[in-house]
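Novice: Single-letter residue listing:
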Amino acid sequence: MSAYTFYPGCAMESNAKAYYTSLMAVAKPLGINLEEIEDWNCCGATEYVGMNLIPAYSLIARNLALAAKMGNKTVLSPCSACYLNLAKADHYMTERPALGEKVNEALAAGGLHYQPGSLDIRHLLDVLINDIGLDNLKAKVVRPLKGLRVAPYMGCMVPRPDYNNRWSDAEHPVELVEVLQAIGAEVVDFPGAATCCGGHMTQIGPETAFELIRRLISSAERSQADIMVTVCPMCQVNVDAYQGETNRHFGTNYQMPIVFFTQLVGLALGFPPDKLGFGTEITSTEKALARIGVDIPKPTEDTPHKQAGLPMPSCLRKNAKGKVQHAEKEAA
Amino acid sequence: MPTMTDEQVRAHLTHEEDLSLLHEVSMKTAGVSRLEMCIQCGSCGGSCPSGMDMDHTPRMVFAMLRAGMRDEVLQSNTPWVCVSCYHCVVRCPQNVHITDVMYTLKAMAIREKKYRDVAAPEFAETFVEMVEKYGRSYEFGLATRHYLKHAPLRMVGMAAMGLGMLRKGRMSMKPRTIKGMDQLTAILNKAKEMELT
Amino acid sequence: MSEHFEPVIIGFTCNWCSYRAADLAGTARLKYAPNVRLVRLMCSGRLDPTFVMKALSDGADGVLITGCHPGECHYVEQNYKTLRRYLLLRRLLQGMGIAPERVKLVWASAAEGAKLANEINSFVEEVRALGPLGWPQKLAGNVKEVEVAA
Amino acid sequence: MSTNNGKPKVGVYVCHCGTNIAHTVDVEQVRDWAAQALGAEGVVIARDYKFMCSSPGQELIEKDIKELGLERVVVAACSPHLHEMTFRNASKRAGLNPYLTELASIREQVSWVHTDKGLATEKAKAVVAGAVERVVKNEPLDEIKVPIHPATLVVGGGITGIQAALEIANAGYKVYLVEREPSIGGHMAQFDKTFPTLDCAACILTPRMFETGMHPNIELLTWSEVTQVAGYVGNFTVTIKKKPRYLKEELCTGCRICVEKCPKKVIDHVYEAGIGYRKAIYTSSAQAVPKFPVIDTANCNFFQKGTCKVCEKSCPTNAIDYEQKEQFLKVDVGNIILATGYDLFDARRVSNYGYGRLANVFTSIEFERMCNAAGPTSGKIVLRDGQTTPKTVGIIHCVGSRDRNYNNYCSSICCMQSLKFAHLVKERTGATVYDFYIDMRTPMKSYDEFYQRVLEEGTLFVRGKVAQVSDAARNAQEEGKLIIQVEDTLVGKQRRIPVDMVILSTGMQPRHDAKEVGKLFGIGCSSDGWFTEKHAKLDPVATMTEGVLIAGTAAGPKDIPASVAQGSAAAARVLNLIMRHEVTLEPIKAIIKQWQCSGCRICNGLCPFNAISFRAERRVSEINPALCQGCGTCVAACPAGAISGSGFSNDQILAQIDGLLMDVNPVSA
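Quick note, the sequences are listed as chains A, B, C and D, same order. For the first sequence, the numbering used here gives the first residue as 1, with consecutive numbering after it. For the second sequence, the numbering used here gives the first residue as 1, with consecutive numbering after it. For the third sequence, the numbering used here gives the first residue as 1, with consecutive numbering after it. For the fourth sequence, the numbering used here gives the first residue as 1, with consecutive numbering after it.
Calculated directly from the structure, the hints in this document are not laboratory data. Using N, Cα and C, we set each Cβ at its ideal position, and we do this for glycine too. Warning: the hint list may mix true and false statements.
If the Cβ cut is set under 7 Å, some of the chain B residues that face chain A in the computed set are [as the list claims (entries may be wrong)]:
| # | residue |
| --- | --- |
| 1 | V89 |
| 2 | M171 |
| 3 | I187 |
| 4 | M194 |
So that you can see chain A by itself, here it is in the shape it has in the complex (with noise of 0.2 Å):
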């Protein structure tokens, strides 16, 4: 049993909980033992990094300070955008030390330090193939998922850019075609494997974003693919929950589901669908997986409740001058 320590991000408790429900139900089989990094924080995604250089790098760096203090050497993301961010902040820091030291005086003030270059930080994909071992995880296999056609999405900010040389290649990289392989799926030739789901840009330029939607499901569409496979949390909500709004867009019909990779391996190894997070997906998986015969669970449906005191945030308003500010502020 490998220990890791564990940086799940923001969105495996939010919109990705079927990635960590299927993370953690396969963790243990597999023999990849997980420990969270104590009162992690948001590694800022592309939103932080663009707005102010210092702390956003603070903020990233607060948990790896956090993580050298859990005393393993590895740190395991299973979300590409945090993978990315962590191993980007490690990498700069040592790159350019005049920002590790800006950085570390930062973390001072908390009572923090980090030591660039001191972690390994891994993407799951990766530890999976690397130190799991694909022979291992054949030889665990209970249900081979032979007559699924997946389309392998591993998107951008795994293989690219790459600063540690773990992956095979930054254009068509080969490892989630192997572990989808290893499960006994069908994996299709799909042009889309690493191409863009659109990003941040379904939020502040939504006709952007469908555009990249479309080809990604229609790349996958023609490759005949009955469903398609991620590692990314944020590839899985663009692709996903944003499908309808993008058949509005174009005046499409696609009915392409998306499911985390760990979602399939977990299928693979014998579980239930409804303990690996199956049904929580917008677009329904139903078809795709009566073709192996696997029934999806109904949907739990988890009406939200009235709470009182909802902290409903505060809008920003610009005054007078142009300048952006709080209403409360405003108005005190």
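Mind docking chains B, C and D on chain A? Use the hints.
Specialist: Just chains B, C and D, lined up with the frame of chain A:
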């Protein structure tokens, strides 16, 4: 792993006067940007999946930085349309840290209030605000506020999706706050006093 | 240490690159500190660690070793051997209680007169900051007084 | 001469160099100080003079040597790189061994780089003291003269090696031409047309290959490799491995019946660049020189399964010999020319261009073979299906070159090669041709004119480095095509251009084994991996190892005219040495004192010139003075102190350090 002091980074940027804007952007970028090494080949602009929606291709932005066109660059939507896919970064024959330069340009545009379209910068600001308040991202708050402000009409369409996410338990209406919020605030406050130049 | 301390440094140069860099610095009339006295070797690979010990024990406060850039050695690859010896030498000095920073390795091609001049200037300041070594004086007096490395 | 503290008599001569030295250094003070303070070190006379290098200045020294019986001379003046020879010759004229004269550089290292006259004068004294202490320890040395063997080894039978071999052979001297492949001709033999004149490559190369094969002074050793090089300039002994062809060359008539009859067809990855076939017994082409076939045992039915023997049965002269073994020959040569050429960049590495994944993406060498009338498609330009003529073709420059992810350098031939391809596609198919370039580089004679011609023919040039080639269509027009995605940098917009065929103008890279080959011959490679020339501009075909020359693309990317010119240049250098009959070597060498050597062999592996060998019978190591280049690395490494470096001995250097530190060392002061 090669490490460079800021003096070495600077030493690569000769002709101080001509390159002053380029120099400024380069020094403010997290790693060693290599921005001065651009040969204008266009492999970034060719690679960009969202390039069709950009005012200028990344290559043009770099040429404009060389030309000292500060306002035009900071008003450009280019860095905001960047999807951080890193295709340009791995294909760049000169290993320019293009994506990180885009981050720098966003930060400069916000600081100087030069951006034209407010949606993207304000989304970023809201995100940052949420993180600084709770220590973790808070999608529900972020999405609601963002759509209310910038796309109230789209809110109708998105509401269905949001509801779906809520119903499937994939979006929490309650933010999670980390325990060490005071510590994080102290770190970020200290960090905000500093700049990489 | 006195404000007027002028360190004396022995510099070992390679006949093909750094010695020519020194020539070039001269031809270009670049100015650098007069504290360095150069010894010409055919190759930095000729540098016997004894030379460094000899220089320090003869009263030098620092030793500058210069050679061709890695991959550009006139004798194919001998400067890599210099690099290895240099690293060992520094450990040896540390063990002897002499600050290893008193010995510095610098690559300078025949075209890098300016680089050599800059390196000399900064090394002079680094050694100045370390203060006098005074090996002969201390040897003549009390051996235990040889400085303790940081 | 009798009593001088037991030290040799030293004369010190301080030069003013007009005001170059005297302006910053108090020359008279240095002179007086040398006479007084260095008296104990052996100085018997110190003089100063306006210009020591002038005739009267030199005569001053000569006169003192004769009249005062000086045994050592120190000239404090400029850099030894400028006038060491001048003053050594002066001493020689006066009967003193030239190596007993030292220069102290007080101009480049003192007066020109310092401003404070007091400090400069003090430093000048230290430099002079160092030189005096050193010169006392100098020993007389004699120049080494070695004879030159008139035969030459040329390694590599491409156009460069052929040119060099013919030049030397035509001058009347013996050449051994070694080639790794079964035939000479190299890359050029694979090409169809050559830029910018569009001469047919075979038409101009084949006669040269034939001449080489027939030349009485050229011994052709194809299907052979050099395995060992011993000796030094003028006197190399080279071991060559002749791989078995499995036929007796003396019996083979080159009728090629065996090739025709051989039932085993395999893909030819070498000559046909993977788009054509050959037999298991083959010659690279019908024009191969020599004409003898070779059996590819890995694919031969007989060698693999023990049956077949069709070649043996069909041979009219019984030349086939399955029992043939590899042979080793030793040849003596005076000089070696390395013309080992280049490897083609592996386009698979640029995965965004899809070579190896997308069928209709071709490399430049594949396209060359396709265009060649004797090639697999008989000169027809077709898609991978072997039939369809492309209607639209995209040509991509700089594949693997000018890119820090692959090779940093410009491969120098790709622009012209691409223009040539554009022309050939237009001429033979009338297809629409797109040419994607970063910078168009056409600097040589008639090259830019060729660019003009291709422009005129209507090739569509797009300035931009192609981002990707894919088959992922986004709309109906792209369906079934290869889509080239690029920023048209002159328009400032991303374009997606659907084409039928993509040609990658792949660059050159050093031979995969260049480093090992360099080590074998005692020469180095640049950081890019090309062989390093002695001087990039002024001595481009010589190397740091005397007697080993480099030519053609082994030293860096170049086109055919430049390669041929280097082949001739290297031959001229060799002929120069051959005609001098002997060569003089500098006596700066390392010597092992046999009685002190413990036989530990630490030094053996340190020498990049293979000058040190271990004498097992005496259990000591020995240095070959002609191979030794005098770097002194072994001297510094010998744990027994058994190696001394003449000209730069420990005694000399330690004494110089003593002198340099005379003013600060209370013990010696």
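Novice: Tell me the hint numbers this structure goes against, listed in increasing order.
Specialist: none
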